[in-house]
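Student: Residue strings, one per chain:
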Amino acid sequence: GQQLNQSPQSMFIQEGEDVSMNCTSSSIFNTWLWYKQDPGEGPVLLIALYKAGELTSNGRLTAQFGITRKDSFLNISASIPSDVGIYFCAGQLGTGTASKLTFGTGTRLQVTL
Amino acid sequence: EAGVAQSPRYKIIEKRQSVAFWCNPISGHATLYWYQQILGQGPKLLIQFQNNGVVDDSQLPKDRFSAERLKGVDSTLKIQPAKLEDSAVYLCASSPPGGDRRFGSGTRLTVV
Numbered sequence: 001g002q003q004l005n006q007s008p009q010s011m012f013i014q015e016g017e018d019v020s021m022n023c024t025s026s027s028i029f030n031t032w033l034w035y036k037q038d039p040g041e042g043p044v045l046l047i048a049l050y051k052a053g054e055l056t057s058n059g060r061l062t063a064q065f066g067i068t069r070k071d072s073f074l075n076i077s078a079s080i081p082s083d084v085g086i087y088f089c090a091g092q093l094g095t096g097t098a099s100k101l102t103f104g105t106g107t108r109l110q111v112t113l
Numbered sequence: 114e115a116g117v118a119q120s121p122r123y124k125i126i127e128k129r130q131s132v133a134f135w136c137n138p139i140s141g142h143a144t145l146y147w148y149q150q151i152l153g154q155g156p157k158l159l160i161q162f163q164n165n166g167v168v169d170d171s172q173l174p175k176d177r178f179s180a181e182r183l184k185g186v187d188s189t190l191k192i193q194p195a196k197l198e199d200s201a202v203y204l205c206a207s208s209p210p211g212g213d214r215r216f217g218s219g220t221r222l223t224v225v
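These protein sequences, in sequence, are chains A and B.
The first sequence begins at 1 in the numbering used here and counts up by one.
The second sequence begins at 114 in the numbering used here and counts up by one.
Just chain B, same shape as in the assembly (with noise of 0.2 Å):
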């Protein structure tokens, strides 16, 4: 069974630019998360997707975090502008139905 997909692994940008993270979750599972994790901290949800529909999003900053999923799979997240604040790793989960979450590797954000 695949993991879940993540792209890029890494990216450097200058604040006040955008960036856009890629996911894509384990087949057949309904349920994308979004997290983000700040170094020396665990993460913290940002999103959930159920199928295309969103869950929970109180926890994003929505004046300049945005996400969809358009088709019900794949999702994208995105900064615009991003603060040296947004520094972190961006994690994607994904989840079938009653199943545990599994985390893709991750994005690493370094907001110069």
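So here's chain A without its partners, still in its complex pose (with noise of 0.2 Å):
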């Protein structure tokens, strides 16, 4: 099955950095999710983003919803130790029960003192 291309794969900051990483697609989504995975443990939703342009933020994450609905990118601000994880992109088709989530290949951030 399909999945979305993340970058980077990985990366390695210091903490108090900003991170970018950005998801892309071949196809149109209606909506973009961003989930956040520790170790052990299931994807947390993180934000969700409904509409082609939109900007949201959530604390010192910021998630756009590309023009094209074909990509979407993801900052994170002043960074601390407890972002470490991996981040998922999710491009959703349909609404509801119908609703099918693809994930991205994921980017691990590792955040360094």
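Since the hints were derived computationally from the structure, they do not count as laboratory data.
Using N, Cα and C, we set each Cβ at its ideal position, and we do this for glycine too.
Don't take every hint at face value.
Simulated restraints, written as ranges between beta carbons of each label pair [stated by the list, open to error]:
{"id": "1", "chain 1": "B", "residue 1": "Ser131", "chain 2": "A", "residue 2": "Pro39", "range": "24 to 34 Å"}
{"id": "2", "chain 1": "A", "residue 1": "Ser26", "chain 2": "B", "residue 2": "Gly153", "range": "12 to 22 Å"}
{"id": "3", "chain 1": "B", "residue 1": "Ala118", "chain 2": "A", "residue 2": "Pro39", "range": "31 to 41 Å"}
{"id": "4", "chain 1": "B", "residue 1": "Glu181", "chain 2": "A", "residue 2": "Pro8", "range": "33 to 43 Å"}
{"id": "5", "chain 1": "B", "residue 1": "Ser179", "chain 2": "A", "residue 2": "Leu113", "range": "19 to 29 Å"}
{"id": "6", "chain 1": "A", "residue 1": "Thr97", "chain 2": "B", "residue 2": "Glu181", "range": "12 to 22 Å"}
{"id": "7", "chain 1": "A", "residue 1": "Ser27", "chain 2": "B", "residue 2": "Gly153", "range": "33 to 43 Å"}
Once the Cα atoms are required to be at most 25 Å apart in a straight line, the calculated BS3-like pairs of lysine-lysine come out as [stated by the list, open to error]:
{"id": "8", "chain 1": "B", "residue 1": "Lys124", "chain 2": "A", "residue 2": "Lys100"}
{"id": "9", "chain 1": "A", "residue 1": "Lys100", "chain 2": "B", "residue 2": "Lys191"}
{"id": "10", "chain 1": "B", "residue 1": "Lys184", "chain 2": "B", "residue 2": "Lys128"}
{"id": "11", "chain 1": "B", "residue 1": "Lys196", "chain 2": "B", "residue 2": "Lys175"}
{"id": "12", "chain 1": "B", "residue 1": "Lys157", "chain 2": "A", "residue 2": "Lys70"}
{"id": "13", "chain 1": "A", "residue 1": "Lys100", "chain 2": "B", "residue 2": "Lys175"}
{"id": "14", "chain 1": "A", "residue 1": "Lys100", "chain 2": "B", "residue 2": "Lys157"}
Put the two chains together into one complex, using the hints given.
Tutor: Given below as structure tokens:
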């Protein structure tokens, strides 16, 4: 099955730095979601985007729904150690029970003190 | 609110053996999903239930995988017989009508 392309694949940053990651697809989606997965846990939803061009913030996280509907971006400002984990984008088609979610390949974030 | 419960957390089996995973969704969540997450990849949907009916099982390898949700609450996912490439984390998720998916912690399966 299709998986969305995320970049970078992994990144090592220092505490306090800003982080940017993106997700691209060959198909359009009507919703973009960003999840974080800690070791040994399931993904947890961070941000949901519902409209092309939309910019949404959740604390230090900001995400954008690309104008073409084929990409999305996630920024984390002033990173802290608990930001460590794997970040997944997911594109969604349809709504409600009929919605289908396609996940990206993930970006692994490591934060050094 | 209790989260999605899954068991066991870890399982190691030999190839060609059988294995079963259990999931208890969040109370009131009618939709239940099973995902397979291979190391280094994002989750991939295996099967989706709406109450006790199957909505989507197009990615389920039906020759060896089966799943049921008999009373519309708990669900089990079975693999028989297991292959080496089935080694993965099996995630269960549930969602309320029109709501977002909530994931369990998963079962890590190692096939040797």
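Student: Go ahead and decide if the range 19 to 29 Å is satisfied by the Cβ distance of B/Ser179 to A/Leu113.
Tutor: Violated, at about 48 Å.
Student: Under the criterion that the straight-line Cα-Cα distance not exceed 25 Å, is the pair A/Lys100, B/Lys157 satisfied?
Tutor: holds (11 Å)
Student: Please work out if B/Lys196 and B/Lys175 have their alpha carbons no farther apart than 25 Å.
Tutor: Holds: B/Lys196 and B/Lys175 sit about 14 Å apart, inside 25 Å.
Student: Is B/Lys124 within 25 Å of A/Lys100, Cα to Cα?
Tutor: violated (29 Å)
Student: A range of 12 to 22 Å was offered for this pair. Does it hold for the Cβ distance of A/Thr97 and B/Glu181?
Tutor: Holds, at about 18 Å.
Student: Could you say whether the range 33 to 43 Å given as a hint is met by the Cβ separation of A/Ser27 and B/Gly153?
Tutor: Given range 33 to 43 Å: violated, Cβ gap about 22 Å.
Student: Given the hint that B/Lys157 pairs with A/Lys70, does the C-alpha gap stay at or below 25 Å?
Tutor: Measuring from Cα to Cα gives roughly 19 Å; hence the hint holds.
Student: Is 31 to 41 Å right for how far apart the beta carbons of B/Ala118 and A/Pro39 are?
Tutor: violated (19 Å)
Student: Does the Cβ-Cβ separation between A/Ser26 and B/Gly153 fall within 12 to 22 Å?
Tutor: With Cβ atoms ~21 Å apart, the hint holds.
Student: Just to be careful, I want the Cα atoms of B/Lys184 and B/Lys128 compared with a cutoff of 25 Å; is the pair within it?
Tutor: This hinted pair is violated, its Cα atoms lying about 31 Å apart.
Student: So does B/Ser131 sit 24 to 34 Å from A/Pro39, Cβ to Cβ?
Tutor: holds (28 Å)
Student: Straight-line Cα separation of A/Lys100 and B/Lys191 no greater than 25 Å?
Tutor: Holds - the C-alpha atoms of B/Lys191 and A/Lys100 are around 23 Å apart, at most 25 Å.
In this structure, the earlier hints numbered 3, 5, 7, 8, 10 are contradicted, and the remaining ones agree with it.
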